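Take a look at the letters that make up each chain.
Protein chains: 4
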Amino acid sequence: MVPRYSRPVMTAIWSPANRYRIWFEIEALACEAMAELGDIPREAARIIRERGDAAMAAFSDEDLARIDEIEAVTRHDVIAFLTWLAEKIGPESRFVHLGMTSSDVLDTCFSVQLVQATDLLLEDLDAVLAALRKQAYAHKDTVTIGRSHAIHAEPTSFGLKIAGHYAEFARNRTRLLAARSEIAVCAISGAVGTYAHIDPRVEEFVAERLGLAAEDVSTQVIPRDRHAAFFCALGVIASGIERLAVEVRHLQRSEVREAEEFFHPGQKGSSAMPHKRNPVLSENLTGLARLIRSHVVPALENVALWHERDISHSSVERNIGPDATIGLDFALTRLAGMMDKLVVYPEQMMANLESLGGVVHSGEVLLALARSGISREDAYRIVQRNAMETWTKLGQPEGRSFRENLDNDPEVAGRVDARVLDEAMDSKRHLVAVDRIFNKIFC
Amino acid sequence: MVPRYSRPVMTAIWSPANRYRIWFEIEALACEAMAELGDIPREAARIIRERGDAAMAAFSDEDLARIDEIEAVTRHDVIAFLTWLAEKIGPESRFVHLGMTSSDVLDTCFSVQLVQATDLLLEDLDAVLAALRKQAYAHKDTVTIGRSHAIHAEPTSFGLKIAGHYAEFARNRTRLLAARSEIAVCAISGAVGTYAHIDPRVEEFVAERLGLAAEDVSTQVIPRDRHAAFFCALGVIASGIERLAVEVRHLQRSEVREAEEFFHPGQKGSSAMPHKRNPVLSENLTGLARLIRSHVVPALENVALWHERDISHSSVERNIGPDATIGLDFALTRLAGMMDKLVVYPEQMMANLESLGGVVHSGEVLLALARSGISREDAYRIVQRNAMETWTKLGQPEGRSFRENLDNDPEVAGRVDARVLDEAMDSKRHLVAVDRIFNKIFC
Amino acid sequence: MVPRYSRPVMTAIWSPANRYRIWFEIEALACEAMAELGDIPREAARIIRERGDAAMAAFSDEDLARIDEIEAVTRHDVIAFLTWLAEKIGPESRFVHLGMTSSDVLDTCFSVQLVQATDLLLEDLDAVLAALRKQAYAHKDTVTIGRSHAIHAEPTSFGLKIAGHYAEFARNRTRLLAARSEIAVCAISGAVGTYAHIDPRVEEFVAERLGLAAEDVSTQVIPRDRHAAFFCALGVIASGIERLAVEVRHLQRSEVREAEEFFHPGQKGSSAMPHKRNPVLSENLTGLARLIRSHVVPALENVALWHERDISHSSVERNIGPDATIGLDFALTRLAGMMDKLVVYPEQMMANLESLGGVVHSGEVLLALARSGISREDAYRIVQRNAMETWTKLGQPEGRSFRENLDNDPEVAGRVDARVLDEAMDSKRHLVAVDRIFNKIFC
Amino acid sequence: MVPRYSRPVMTAIWSPANRYRIWFEIEALACEAMAELGDIPREAARIIRERGDAAMAAFSDEDLARIDEIEAVTRHDVIAFLTWLAEKIGPESRFVHLGMTSSDVLDTCFSVQLVQATDLLLEDLDAVLAALRKQAYAHKDTVTIGRSHAIHAEPTSFGLKIAGHYAEFARNRTRLLAARSEIAVCAISGAVGTYAHIDPRVEEFVAERLGLAAEDVSTQVIPRDRHAAFFCALGVIASGIERLAVEVRHLQRSEVREAEEFFHPGQKGSSAMPHKRNPVLSENLTGLARLIRSHVVPALENVALWHERDISHSSVERNIGPDATIGLDFALTRLAGMMDKLVVYPEQMMANLESLGGVVHSGEVLLALARSGISREDAYRIVQRNAMETWTKLGQPEGRSFRENLDNDPEVAGRVDARVLDEAMDSKRHLVAVDRIFNKIFC
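Top line first, the protein sequences correspond to chains Z, S, D and B.
The first sequence lines up with residues 1 to 443 when you count with full-length UniProt numbering.
The second sequence lines up with residues 1 to 443 when you count with full-length UniProt numbering.
The third sequence lines up with residues 1 to 443 when you count with full-length UniProt numbering.
The fourth sequence lines up with residues 1 to 443 when you count with full-length UniProt numbering.
Certain hints may be false.
With the C-beta cut set under 8 Å, the calculated list includes, among others, these residues of chain D facing chain S [said to hold, decoys possible]: (1) E43; (2) V78; (3) K268; (4) R290; (5) D435; (6) F438; (7) N439.
Treat the hints as calculated values from the structure; they're not laboratory data.
Treat the numbers as computed from the prediction; the structure is a model and nothing was measured.
Using N, Cα and C, we set each Cβ at its ideal position, and we do this for glycine too.
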């Protein structure tokens, strides 16, 4: 992910320094477990921990360069790290990584990084939920037109619209928690997962200390269905971001103008057209959603590793691990801020609602006619005729409102009382269930 | 999905007849709820149920044709169905669909169909799990070589390999259950989800009768993040099928021949080469996995519907709903049968294991040397030298086994006891944790 | 592809009958080539052709059933067909398929079907191009607002907007022609592409008769990079359909109403809201685009077949071959009709253009100010100030048009002549290059 | 793309410095064109060019920081650059960007970068083609077994296998050239593509100087179908890399060992198993192929921008532009080196070919029997029986070779001459068309 769309707090999780820190932690914990089991000397484990902690605390760009230098020969990253570590620890280093395989370290480290990233994403989601809740309550009773097919349908409240997005993000939070437990897994089981050279209790020990579960059956690696499920969850969340972003883009369009992203003082919308105020944040979120979604397919393709593992997943994960979490972290943070500061125009909402001459109340009039005893088909025909009459003459001198047309239609006038029509034309009646829905999801 | 990859039991769920049956059930239940609430006459609900049930029971191709005929005029499928239903029910039909919108019917019906399909898929998964369990136990102690990078790594048991796939499919079952609850949702909330024309208790009543949950906040539709999550789960399962299929394809290849798909009497592998016995089932499953996975992206693209809904998702779902579930049902059923009848060749497994002259035991020899007190790096160098010597002269007259080379290496002989090497060379030692793992996942 | 989105003319290409007709044609042509080369008796080739032609001409459901019956035993579709064919032809059938492998037939047939499908798609594209050309010329001088970020930018002509889509579809036509030549390829080269049992001149003969090129190097199959490139081209075209569909959906939205899909007499937009006229065709096209695009990834995954081929691609192609071409044919046909009958509202376009008080001319005013000698930065600041003043008070009593604000701004008035501002505010000036562009693409 | 999979020569193309250099070049050329047309003073264009060239030549991290600083206020990258440029150029800067819009610069720059990247990729492809050509000729007559379904089929030559990949990469070169001309396009047409404020001849001038074509119809941007087609081409190439990588992985697997990636001195295959030599390069290429393919879908999703453009494509392209080209450049370079140094084992190829007791010649025997006058079905039955007899008893004491079984089968012996069988069993006969094919593709 390019720096433009990265927050340092998430980028740090994917830094080489953090990776090596976790690698060491896994190795050190494994040594401590083996010492406890009597498989290696306690003193060796102590020295490994002490000197290793010191080396990691002092970890610098020089160390990075040294590890790279070794890898240039061995062409194996974990061996390069272990060789560097041995230089720091001395002879006791021979007890490090005993009976383990590189994947034990690599995969467990990847789990730790994904868990760290997920915990950040959960905070991000909470910020989004807080912003949505705020706006939902602020506009609980703000009447606006609901739209299907981008055509005016019936009135609703802007708060209720936002509440729907809140409910989706609440589901996304649940999905992310499930995704977290998919990948919060440790495997220290040796070359092909048989624990042939290492006591399974080492895995349990390390897992517990790292806040992970021990994998049920690992091959050489943690099976990649877990990671696939994880990236799928990010893809679903990204799509939820897109849905809300597209909503804001629609609301800000010049003909709608019901809401607007906050426009900073000094901000310029266009190099050529000084009048522009563009919904660039939500457009940006739309693109970021595409990017985050694009990681789903390679993650799925990573599942079918050959036999006990091949390493084709590695290059994929070195990219999509950071890219997806950094991108999503940035997007959620941007979304939270954007929704928190969203500028809403209730008067324009009402003006838009009324701009079609009242035909948006056709549904309730249909019901009123149906209740009067005629067939649904006849009622539909009558209402459609009057609505189309209004619609097609909108803004024309001979145009009349839906209500005027209804009042002049003998098929209606004889059947439905004016008071009933009054009620049918009252937008407020569409807010009748808002409290009930809010209670359901916010309490 | 083409008929070749379809089972009638799943196809039936997606038939027009089943769809119309569910549509009627939703409408009838809604009427009963409204009758109970006093919103429509009880007698009307009774007549609707009675005549409707009769019409659905007698539903024929003629009815299908009649509905199509109406839709050709109205260009709206639900209105076409309701018009047909009105012809069957008579005047009471005016109480049908009162205050509802088409999506209430369409979306709730889609939920019911997906639930029906999922219940079938759960049975399929159980069959896969049973076949895997059977093979795992049958080959719990069958020694075979574990492979990473498709290169011999260390011995394992064939049963353990299968157990790993069992564990993955057990996770897939959990994921499918979660996916089921994602889409087991009912929405009867009107044109833009405000319940403006219908009591929310109608939704609750219908939901309960259909075994669904009532949606928290619907727009005009059930939000599509739910369906996206559902199709993602199918994609993950498909990838698990692919992993197992690829394993079988590898095992059957001419140079490996450790296992083979059952070859039917009369079956012909090739029109040109009568000697062929190809792993066509697992190859087919590999392709089906690609198909099922291909539904994930359009499902994710369906999430960002405009405002309270647009109808772009509809054409997507009309295809991927049936295609994904029919395809996965077929694939799982095929997989269960294939694994159940898989022909396993333990002798060939042992022959392959031994074909590299014993170098597959290099890891344990490395540990033995390390335990003797020399550094990991030196031990690695010694073992690698002897292993490569064996490997590069495999099958050549001057070639010697890994053990022979070790015995002749003064750096080894002086340090590691012959008995220790004997133990290191015993493949059975790799089965030490198998019981533990089996207890963990099968009990 | 479900029947709802299928045209019989395309579906027929993918029917079993058409497939078997092509299979026979390939076999018969190969026999004729071999007869010419003296590899089989001329009389045999004559009889095969004669009796085969007769059998194919009389091909019925009974024949289909018979082939299926044989396949149920042999589990091999080509062998089943050849066995059926032998029943029809008699003893000379032993010269059929001599030295060929199933894939020679299957792959060449798939090429023929894809070519047939592509020729239909090319006609469809021509219909789309014709409709776009018609609308482009009809509205060459229809002034409308151009929008970036869905915010009013500067005026343009509606015809020019359409011309842009025309140019894209013209590019798509070129791409489809390239895609056609990718897959217009014949392979008759035997089991692993060595021509070991068949003269390469047979391939050349058959290729020429079928209007195909002979493959350069086939394995057992025609390499699947060709098909991947083909489906990519369809995916690009589908995305072009989506772009135009999204444009129409935007133009029809209630607040814009600049254009509208033709609404049929008798059509009903909603079961609940009789006033609705929804852009259902363009929404449908949006969904179809997602479907057609979804075939790209599995086609790409099909490329890496194992060794000289595995059969994993087969199940994929049995589905995406028909689905993508049937879906695209339907979508293009629908698009052509929709654009041909599109209802355009020039007055509403002008009303929308003017609705922002003239700020859409800010770019030209900026240039006028810059030409007056002040820095770009200062000019920008002045214009932005006046534009924002107009924008934020739109529709308010104290609101003034952009021109009024400029006239009252001493920083402007002193520098730019009123006549210059008049010209800057004239939308017609934006049509200056339209003829030039039209000449470039339509001539 | 992480540095591990990046080559500096490609990364440099995507550096901010290169981007700003191109931005300036576009602006300077536009000024020169306008000067030539008399739209701005010649002297101004001269000064802009001179001072701008100097500023770009001296471009440093300080300049980068300054531009970032300005963007933090304006929130618009092009305006930030222009402001910085004005600081360098002085008052004449007011003639810079006159009548242009940001996208004129951004999109044309993106075209230039993609062209630069493509030219590098074309060189990479040439290196791959050279390596493949070398290996193809080196092993033109190296007999090896061809495999379908990963099951031995019939003999072929290793050179022919490589030639097939050569032909695919030659097609990929053609596709990349087509993709290059898709995106080698310049647009300088103003805010919504009308040339309202700029002479179309400016666009022509700049396009020609940059080696680009002028766009037929731009909106605010160059239409994104071009870029979608470009990324599709990269996806097809990536899939071709995967096919070859998978081939090498298969050939190197322990049971096959027909070829091997070069293993560097000092290289370590596994931290736990010193005997390992893994095909890590080809596995890595497999993963990289997934990554490069993953850019196809977001590129397709970028096509349907709203109206004259929205900016959702931008964040996508900022990532996939560099990622796809850097990744593909790295992958092609790695592939070229890997194939150039591939270690091939002809003896092992022959040993594998013979390991199935000669059944791989069943096809030719089938033909011999058919030629003897019996029906294809009978011939098939006889050959299949003898082949299966050999196959199922491979390595068993009572096992006999295919030839032995045939010799003992009265149905064969009576019909086919021993000399004919000798010929049928000669692998060399499968090389008969190799020269012909080589001439076709290499000359």
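Hint check: is the beta carbon of D435 (chain D) less than 8 Å from a beta carbon of chain S? Check failed: Cβ of D435 (chain D) comes no nearer than 36 Å to chain S, outside 8 Å.
Take the shortest C-beta to C-beta distance between N439 (chain D) and chain S; is it under 8 Å? 36 Å, violated
May I ask you to test the interface hint for R290 (chain D) with respect to chain S, counting a Cβ-Cβ separation under 8 Å as satisfied? 4 Å, holds
Does the closest beta carbon of chain S sit nearer than 8 Å to the beta carbon of E43 (chain D)? 24 Å, violated
Regarding the hint that F438 (chain D) lies at the interface with chain S, is the smallest CB-CB distance below 8 Å? 32 Å, violated
Next item in the hint list is K268 (chain D). Is there a CB on chain S closer than 8 Å to its CB? 5 Å, holds
Tell me if V78 (chain D) is really an interface residue toward chain S, meaning its C-beta lies closer than 8 Å to one of theirs. 5 Å, holds
Checked against the numbered hints listed earlier, the structure breaks hints 1, 5, 6, 7; every other hint is satisfied.
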